[in-house]
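Engineer: Next come the chains, spelled out residue by residue.
There are 2 protein chains.
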Amino acid sequence: MLEKKINMVGLDKVSIDDNFWKDYMELVRSHVIPYQWEALNDRIEGAEPSYCMQNFKVAAGKKIGKFQGMVFQDSDAYKWLEAVAYSLMWHPDPELEKTADGAIDLICDAQQEDGYLDTYYILNGLEKRFTNLMDHHEMYCLGHMIEGAVAYYRATGKRKFLDCAIRYVDCVSENIGPEPEKLPGYPGHEVAEMALVELYRVTGDRKHLELAKYFIDQRGQEPLYFDQERKAHNNVFHWEHSYYQYQYYQAGKPVRKQFRAEGHAVRAVYLYTGMAEVASVTEDQELLDVCKKLWNNIVGKQMYVTGAIGSSQYGEAFTFDYDLPNDTIYAETCAAIGLVFFARRMLEITGESRYADVMERCLYNGVISGMSLDGKKFFYVNPLEAVPEASEKDFYKKHVKIERQKWFGCACCPPNVARLLSSIGGYAYEANLQEFYMNLFIGGNIEQTLGGVEQRFSVQTKYPWEGDVHIDVENGQDSEYAFAIRIPGWCGVWTLKINGESAEYPMKNGYVYGRRIWSNGDTVDLHMEMPVQRIVANPRVREDVGKAALMRGPVVYCLEEADNGDLLQDIYLKRESEFDISYEKELLNGVVTITADGKRISTGDWKEDVLYKPCFEETFKEQKLKFIPYYSWSNRGAGEMLVWVHMK
Amino acid sequence: MLEKKINMVGLDKVSIDDNFWKDYMELVRSHVIPYQWEALNDRIEGAEPSYCMQNFKVAAGKKIGKFQGMVFQDSDAYKWLEAVAYSLMWHPDPELEKTADGAIDLICDAQQEDGYLDTYYILNGLEKRFTNLMDHHEMYCLGHMIEGAVAYYRATGKRKFLDCAIRYVDCVSENIGPEPEKLPGYPGHEVAEMALVELYRVTGDRKHLELAKYFIDQRGQEPLYFDQERKAHNNVFHWEHSYYQYQYYQAGKPVRKQFRAEGHAVRAVYLYTGMAEVASVTEDQELLDVCKKLWNNIVGKQMYVTGAIGSSQYGEAFTFDYDLPNDTIYAETCAAIGLVFFARRMLEITGESRYADVMERCLYNGVISGMSLDGKKFFYVNPLEAVPEASEKDFYKKHVKIERQKWFGCACCPPNVARLLSSIGGYAYEANLQEFYMNLFIGGNIEQTLGGVEQRFSVQTKYPWEGDVHIDVENGQDSEYAFAIRIPGWCGVWTLKINGESAEYPMKNGYVYGRRIWSNGDTVDLHMEMPVQRIVANPRVREDVGKAALMRGPVVYCLEEADNGDLLQDIYLKRESEFDISYEKELLNGVVTITADGKRISTGDWKEDVLYKPCFEETFKEQKLKFIPYYSWSNRGAGEMLVWVHMK
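Respectively, the protein sequence lines represent chains E and V.
The opening residue of the first sequence carries number 64 in my numbering; numbering runs sequentially from there.
The opening residue of the second sequence carries number 64 in my numbering; numbering runs sequentially from there.
Source of the hints: derived by calculation from the structure; they are not laboratory data.
Given the structure is predicted, the values throughout are model-derived calculations rather than measurements.
Only true hints are included.
Derived coverage of chain E by chain V (criterion: at least 3 residues anywhere in the stretch with Cβ under 8 Å from a Cβ of chain V; other residues may be distant):
no. : stretch
1   : 365-375
2   : 441-455
3   : 600-610
4   : 620-633
5   : 671-685
In this text, a Cβ means the ideal position worked out from N, Cα and C, and glycines have one as well.
Whole structure, please, built from the sequences with the hints as guidance.
Structural biologist: Written as structure tokens, this is what we have:
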């Protein structure tokens, strides 16, 4: 059975009330979403215009003008609408819904007779549409449109946007597909694959599933469509002189023959997510096995300790196994988000906690590092080592920003963060008719029918700062089902109590399955010991040899100049160091910091203008080291930051 | 007194007979020079054409065609002629001289009525000449033409090429200079400055010196000439969006206000060499002080342990202090050669051995690493850490070649190596009327008049493999002068004997001054202890913390995969290790190798697809490490290489 074992609980059934995530969700709702709407409408002073909504206006004939912005500018509106939809599910807001309805009206007005909807080609000449699937993002915009439309339909029950998306899918289906009169193409930037499966879940129309499957199966088949397309239309091939070639697009060979994650990292994980969806719905074991190999390659050979992926700025791409530079890194926020998407599907299909482990790793580290604590600024690039002077003066590090930026011309990451954070409840809690899965430890109230009876779970926790989780079960009548709790990979020692009594239940795939008859008033108490862990990397990773990274629970820590001075590379963490932890309420919106014994190579032995000395033994100064959660770095001004610290 | 204390001995008076350098010189003479002539004439099968000589033919009206190749393609011919000139000084070769005369005839035939001679503009439209001094290398070609012409005149006594160069200088002087009707410009790529001083030494014409001085003093003055020029002629400004700005050309501010080496590394050291020359001839203490500051900045904050400089491929440039990445490095062969040029001038002016120390460091490491042991292949980029897969797949390392290349479209390095190696005798031995300086320990016979009497020194040594140098003095009559021997900075223990007896003479500026009456048959024996030294870098250098590089004498060592296996980053050199040295005659043309005790992190503890483990102590395997001289790496096929090794 490849059918999903579990699915997200409805976001309207989850009311998050969590010391960690609730702030982020509120920031997204109250700040990011309104701010992005202003940005999409070019009303942010000092920021470069987005042109996104203006393009729709011009395409709808409501304004005179030309297409402006990136070829994929439309997708920003769709991602925004998706975030709005999730937000409306857990926080109804008629005013916001009205704004969204207006945006949807405008989008629909721009749709062409035959369903086509991409403002770039509507404004630049429809005769050129579908001539550059490789680079012109029509299918990417389609994918995000579907995702936004499905979410908005689920949130509001309104079909207008959904029908608009279906018409565009119909238009694409009439132009692309296996029939001889159609183009044998597929998306240059994947996302439509997973979106079409989700659309199929709503419509039940197998045509939507078939298109997703076609996109996946046709990808990389000989003769290569992209190769033929670019030659036929004289399109530029940006990767002609790179070793990526068509694998930049994961399109150099059939996807079933791809076992290493390659090329543009966001595209890659979006594709794999779509593959997992198709494998599940079509019960395609071979395809799922490929997904597992790709997964194993990523998390076993190409993932940073923060869950970040895509080590090279060039092509925003994967490079080669164990190539994980910390300073010239790319590690795009969107790629970590994409890995969360992939992880959730693999978890849903297999029920294996190792996928949730990575999901958690990404969420608490490489994803939220992308957003400032005030929700106003964003990182695209999430380095594990940062030096202000290098970012300023080293061309190879100039993409590594030391401070988060307000808004970007290419605005993929902020709306992506927004849509993920506003739907995080669905990642935390999943279920089927007989099993309830607690994947992530996020406080709040969840309603779910299990064993035929409506249950209400009230979850209280101070995770990730403390390892205790308390759950109150409310139901109208006793009911039998399994309450499955993930025991995280990082956790060595834990205890489970039900109604205050130690409880022993079978472990399966990393979840403890509390299958029993649950009564109203039952309580569950999970206690996870949460020591500071000194993490070491595989010695095949060149950059991390002799170094350690600290983690506590799911949280990766770092040193910041603000606490430890500059020249962080000269700091050694003592191998025998004890760790003191302290919850600092006033610091960085409230974080647990770690203090450890360290020492620092003395620069006092060195004149500034002496570079090399023979037969020299360093002298060290003792230094107390203070580590803060990685995601919270760069919220106190510019300075050095370091995750992997020398060990001694 | 800023006049030079010493000058090169005449190359015709030095007959090198040295176990280390003679092979290189012979390679240059018998292989590189003939090969380059073929290359300049596009007769190398499989190599991209140079078009160099063809451009001269077309410009001279002897062939129909257009300009092809780089804007500075002419300079390859001039550098080749310079190398030929040096070679002819110590190895007369009528056939080669005839070929060179033919090349000179052709060059002179291309010269215009008014002396102008740059085939790029002759063939692309003379009306455009002098409209892009910033990037179009007219002055660079002029500089190399002068250098070649002066050398050829000195080697052969023939004036044709010299007169041709003088006419071009006259033409430039009529167009560029301080007078209001002239352009207030200067070279975009420096070299003409030092060349003009050398021309002045031959011609005695102060006009030539004045032009050099003008180029230096005018550089970077407000209003910036390059800024005005590019705006006036709509030239592209490549560095507009880089932090280098006009400092890429060392032209963002007056040279007397520049105290950090900045911008394109070759240009920088060529400029500083010219500044030192002008400071010396014009007795300009202020300018010399600037040179010293720039020197100190380079060797104290921006030089690799191999003497390489210019850490970034972007702009082939200096970046910022202590920024010395070993893997994304640029470290162009030509830049190390330029540093040798600068060093020699500073040495000649000050008599301080610290300049010769750097000269020696460059020559035995970062310069000759640029050429394969068979003289057939060249590196532009000289990494201190190389991994084949990274060079293939990491865009940021693709300029770092693992194997030397046959010939380059931009052919600056090979002819630059050739001209330096064929004149190395002049770097080793310098003199004035009363003092003879042994700067480098290179075997051979040198004739020089000292104290009014012709002397002949016969030097025997196995340097750099052994630290003993024996000198026989021959002269027709007793004569008093100082035989000054440099005691290298790396040398802690040494003894000097004259006629077999321990001799004590005063040290000054790092030279021991054997001032006495020298008789025929006198002998000098210098013994330098040459232990293996573990070199440590200033802890401000991020990349080298916790690591050591081995040196023995002037030679930097490295680990190669061929001897030590791959994953060189996992190797630790033991702090307490003893070093065994062994001269291996058959290895790499004969080298001293170093064996040391090391250990290697075991990958056996790690599954291939596990990236991170908590609280893990590495296990180590003992491993004997074998180090080879850095310059000799990559002569046994592709593989990893590492200079800075972890210490434990």
